[in-house]
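Taken in sequence, the protein lines are chains A and B. Count along the first sequence starting at 1, add 200, and that's the number in the numbering used here. Count along the second sequence starting at 1, add 200, and that's the number in the numbering used here.
Hints were generated in silico from the structure; no laboratory data involved. Take these hints with a grain of salt, some might be off.
All copies of an identical chain are treated as equivalent in the list; a pair is satisfied when it fits inside any one copy or across any two copies.
Derived DSS-like pairs: lysine-lysine, alpha-carbon spacing no greater than 30 Å straight-line [claimed, not checked]:
#  : residue 1 : residue 2
1  : Lys-211   : Lys-327
2  : Lys-327   : Lys-224
3  : Lys-232   : Lys-202
4  : Lys-447   : Lys-236
5  : Lys-270   : Lys-453
6  : Lys-202   : Lys-327
7  : Lys-224   : Lys-202
8  : Lys-447   : Lys-270
9  : Lys-327   : Lys-441
10 : Lys-270   : Lys-202
11 : Lys-224   : Lys-211
12 : Lys-236   : Lys-202
13 : Lys-441   : Lys-236
14 : Lys-232   : Lys-447
15 : Lys-224   : Lys-447
16 : Lys-270   : Lys-441
None of these values were measured; they are calculated from a predicted model.
Take a look at the letters that make up each chain.
There are 2 protein chains.
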Amino acid sequence: MKGQTVFFENKPRIIATGTVAGPKECAGVVGKFVDKALAEDTFGESTYEKAECKMLTYAIRRAIENAGAKEEEVDLLISGDLLNQIISASFAARDFDFPFLGVYSACSTLSESFALAAALINAGYYKKIVAATGSHFSSAERQYRYPLELGNTRPPQAQWTVTGAGGAFIASEGSRLAITSATLGKVVDYGITDVNNMGAAMAPAAADTVLGHLRDTGREADYYDLIITGDLGALGSRILKDLTWEKGVDIQKNHVDCGEIVYNVIEDEFQGGSGAGCSAVVFNSYIFDKLRRGELKRVLLAATGALLSTVSSGQGESIPCISHAVSIEVV
Amino acid sequence: MKGQTVFFENKPRIIATGTVAGPKECAGVVGKFVDKALAEDTFGESTYEKAECKMLTYAIRRAIENAGAKEEEVDLLISGDLLNQIISASFAARDFDFPFLGVYSACSTLSESFALAAALINAGYYKKIVAATGSHFSSAERQYRYPLELGNTRPPQAQWTVTGAGGAFIASEGSRLAITSATLGKVVDYGITDVNNMGAAMAPAAADTVLGHLRDTGREADYYDLIITGDLGALGSRILKDLTWEKGVDIQKNHVDCGEIVYNVIEDEFQGGSGAGCSAVVFNSYIFDKLRRGELKRVLLAATGALLSTVSSGQGESIPCISHAVSIEVV
Chain A
201 MKGQTVFFEN
211 KPRIIATGTV
221 AGPKECAGVV
231 GKFVDKALAE
241 DTFGESTYEK
251 AECKMLTYAI
261 RRAIENAGAK
271 EEEVDLLISG
281 DLLNQIISAS
291 FAARDFDFPF
301 LGVYSACSTL
311 SESFALAAAL
321 INAGYYKKIV
331 AATGSHFSSA
341 ERQYRYPLEL
351 GNTRPPQAQW
361 TVTGAGGAFI
371 ASEGSRLAIT
381 SATLGKVVDY
391 GITDVNNMGA
401 AMAPAAADTV
411 LGHLRDTGRE
421 ADYYDLIITG
431 DLGALGSRIL
441 KDLTWEKGVD
451 IQKNHVDCGE
461 IVYNVIEDEF
471 QGGSGAGCSA
481 VVFNSYIFDK
491 LRRGELKRVL
501 LAATGALLST
511 VSSGQGESIP
521 CISHAVSIEV
531 V
Chain B
201 MKGQTVFFEN
211 KPRIIATGTV
221 AGPKECAGVV
231 GKFVDKALAE
241 DTFGESTYEK
251 AECKMLTYAI
261 RRAIENAGAK
271 EEEVDLLISG
281 DLLNQIISAS
291 FAARDFDFPF
301 LGVYSACSTL
311 SESFALAAAL
321 INAGYYKKIV
331 AATGSHFSSA
341 ERQYRYPLEL
351 GNTRPPQAQW
361 TVTGAGGAFI
371 ASEGSRLAIT
381 SATLGKVVDY
391 GITDVNNMGA
401 AMAPAAADTV
411 LGHLRDTGRE
421 ADYYDLIITG
431 DLGALGSRIL
441 KDLTWEKGVD
451 IQKNHVDCGE
461 IVYNVIEDEF
471 QGGSGAGCSA
481 VVFNSYIFDK
491 LRRGELKRVL
501 LAATGALLST
511 VSSGQGESIP
521 CISHAVSIEV
531 V
């Protein structure tokens, strides 16, 4: 460990991924890369929550399958999601006969899961772990905001929760794609109280973790082909670039936010995508494909999470945020 | 790793604990052992949620203080709680300047946190970690069940969520009390749908993990002075003893459930205590004291969690449960 960063000498590998996304998402950049493009966002289920859980189950199973592995070989599932009591992850885990580690850091859950999977494999405790997460626009809207039926207008700083799930099969060996270090984030709160402005709330947490990672590793920002955040959106991404610039670190050229690039339809998504499924789908499909092809060789995945609830906001609290980062390199 | 169990060769140590509990809890067995006995369950705050968060913050700070350490020395906080989006843990983490790993497995969160802390320290990633959790009767009631003001009657199989928080300062060295192994649980669902009967829902998960632990370690049940569950309550504890008995394992003599022993007032708590704070308070005060004095030398802490939400129950789902176990031994 140095500062907030732990290093994985044994270089745990990402073997394969599994992804599924909704119709609106598949109209965008990930459409060509996901394992399953849904024709309708209920995925044949009677509720959005069940659809969300089914997507996560699909992503887990597909990651195992794409790795050429069997379910009996998996040592552990690490997962979490945005629903109260992370029910998507817990109910997905019920379908499998391996242990389950529930985690939560809102939309940073993917990188938290990757960090833990890499740490546990690097230490030799486990050989094969699936790390996955997801989200659903409609279950998130009715839990965090308003019933869809109300037809509320959305403010311009709002984002659109991604309907999709993605996961990775991480193992001690079997590919050239390694998780080489992880920087676990601190909780950062700049006092933002607007629950529609997640990008502004989360950007300082991303800046704190990215700067911490570069400090701990002694790397310049251009060490990475891409510094990827999860769902800051267009506004949050600009704030992150400003905040790091103020600290003398220029990530203008190599920063990309999954939320900013996930949609290319212009409707109500304004600042772009959000949700735990945002980085889960974009990283595990589009970005993973580029890594596998060698078009990208070094990326820092720093997903961000807004650690609020409807109760905390209702009681006047501001929005504490966090960002966990993992560096993923072709070795 | 063997089966579901990982072993910690470097024997991470529990250095100290910090605990706080409400008035009803302190009338029972933990009253003499907690660091702070609250005179009123709001802890001077305007809402129950803020009181819950303040208790957790207190337990974290007190564990550090009781370890004779400074906050600057802490490498990581591992925490989670029962509130939606684990806001108690996240908001508590905001008060500290060290990284935060959010976890969730309902009332099994304490043993999940202990397992992860031990794994990360044993591997040499970190030297000093605080693992803590808590719950509050009134915030849990209004989130999971009904507003207190309704005055609903409670069925006889119900339990009473513990108001309290507890945590431990876990380090690579500094005491004779070691976490020697951890058995991460699988999700087990026996089809119970009665949200007032958590003990019956969770007992099969506890049985699965305890039996798995004994199988993986090749130990007999009487290896342990105590096999401690978190909040099965009186009924759930009996079911656990039956389920293990059916598998040829007798834990009649050395099984104790924190929920069963936490209250000695007879009012509405029926089967006993529940909640993430139940094992957090009982283990980190009463049990920890006995371990420190050498009155207990080997305990298996297998807290259990019911992974439901109001939404999953409302949509007709049964209650998936999990139990994570850690063995704690005087070495």
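How the hints compare with the structure:
1. Lys-211 x Lys-327: The answer is both: 12 Å in one copy and 21 Å across copies each meet 30 Å.
2. Lys-327 x Lys-224: For Lys-327 and Lys-224, the Cα distance exceeds 30 Å both inside one copy (36 Å) and across copies (46 Å).
3. Lys-232 x Lys-202: For Lys-232 and Lys-202, the Cα distance exceeds 30 Å both inside one copy (39 Å) and across copies (40 Å).
4. Lys-447 x Lys-236: Close neither inside one copy (41 Å) nor across copies (43 Å); limit 30 Å.
5. Lys-270 x Lys-453: Answer is neither: 41 Å inside a copy and 40 Å across each miss the 30 Å cutoff.
6. Lys-202 x Lys-327: both (25 Å within a copy, 11 Å between copies)
7. Lys-224 x Lys-202: This pair counts as neither: shortest intra-copy Cα distance 42 Å, inter-copy 44 Å.
8. Lys-447 x Lys-270: Answer is between; shortest inter-copy Cα gap is 28 Å, intra-copy 47 Å.
9. Lys-327 x Lys-441: Close neither inside one copy (37 Å) nor across copies (33 Å); limit 30 Å.
10. Lys-270 x Lys-202: For Lys-270 and Lys-202, the Cα distance is within 30 Å only across copies (18 Å; inside one copy 36 Å).
11. Lys-224 x Lys-211: neither (36 Å within a copy, 50 Å between copies)
12. Lys-236 x Lys-202: neither (40 Å within a copy, 35 Å between copies)
13. Lys-441 x Lys-236: This pair counts as neither: shortest intra-copy Cα distance 33 Å, inter-copy 45 Å.
14. Lys-232 x Lys-447: neither (38 Å within a copy, 51 Å between copies)
15. Lys-224 x Lys-447: neither (37 Å within a copy, 51 Å between copies)
16. Lys-270 x Lys-441: For Lys-270 and Lys-441, the Cα distance exceeds 30 Å both inside one copy (42 Å) and across copies (34 Å).
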